[in-house]
Amino acid sequence: MGKRTLQTKQVMENLKLVLDHAGTSFEQVVMTRIFLTDFRYYQTVNDLYASYFNNRLPCRTTVGVMGLAGNGDIEIDLIVYCGD
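In this note's numbering, the protein residues as written are 11 to 94.
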């Protein structure tokens, strides 16, 4: 596995832990933002990201950035519906 694949997997697993702790799941995610330092890895990130969503992808924005905290290459944030 490449560096970006490993980073993406770690980001998604971290998000899964946060969602589990909040008593919810990726099924309740309504919007995501992905920040990438290099769009050459867009497809790699996209394929792994999509594998967490069981055929129902939330709306999404992907943003190219010059750098991220901690020298990572990928950052993802979520908006999750937590109603009834």
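Because the hints were derived from the structure by calculation, they are not lab data. Treat each hint with caution, since some may be false.
[As the list claims (entries may be wrong)] Pair ranges (Cβ atoms, derived):
1. T71 x D94: 37 to 45 Å
2. H31 x F63: 13 to 21 Å
3. G93 x K13: 33 to 41 Å
4. G33 x K13: 29 to 37 Å
5. R70 x Q20: 14 to 22 Å
In this text the structure is predicted, and so the values were computed from the model without any measurement. Built from N, CA and C at the ideal position, the CB exists for glycine as well.
Comparing the hints with the structure gives:
Between T71 and D94 the CB atoms are about 27 Å apart, so this pair departs from the stated range of 37 to 45 Å. For the hinted restraint 13 to 21 Å between H31 and F63, the CB-CB distance of approximately 19 Å keeps it satisfied. In this structure the supplied range 33 to 41 Å holds for G93 paired with K13, their Cβ-Cβ distance being about 38 Å. Between G33 and K13 the beta carbons are some 33 Å apart, a value that agrees with the proposed interval 29 to 37 Å.
A C-beta distance of roughly 19 Å is found between R70 and Q20, which places it inside the suggested range of 14 to 22 Å.
The earlier numbered hint that this structure contradicts is number 1, and it is the only one.
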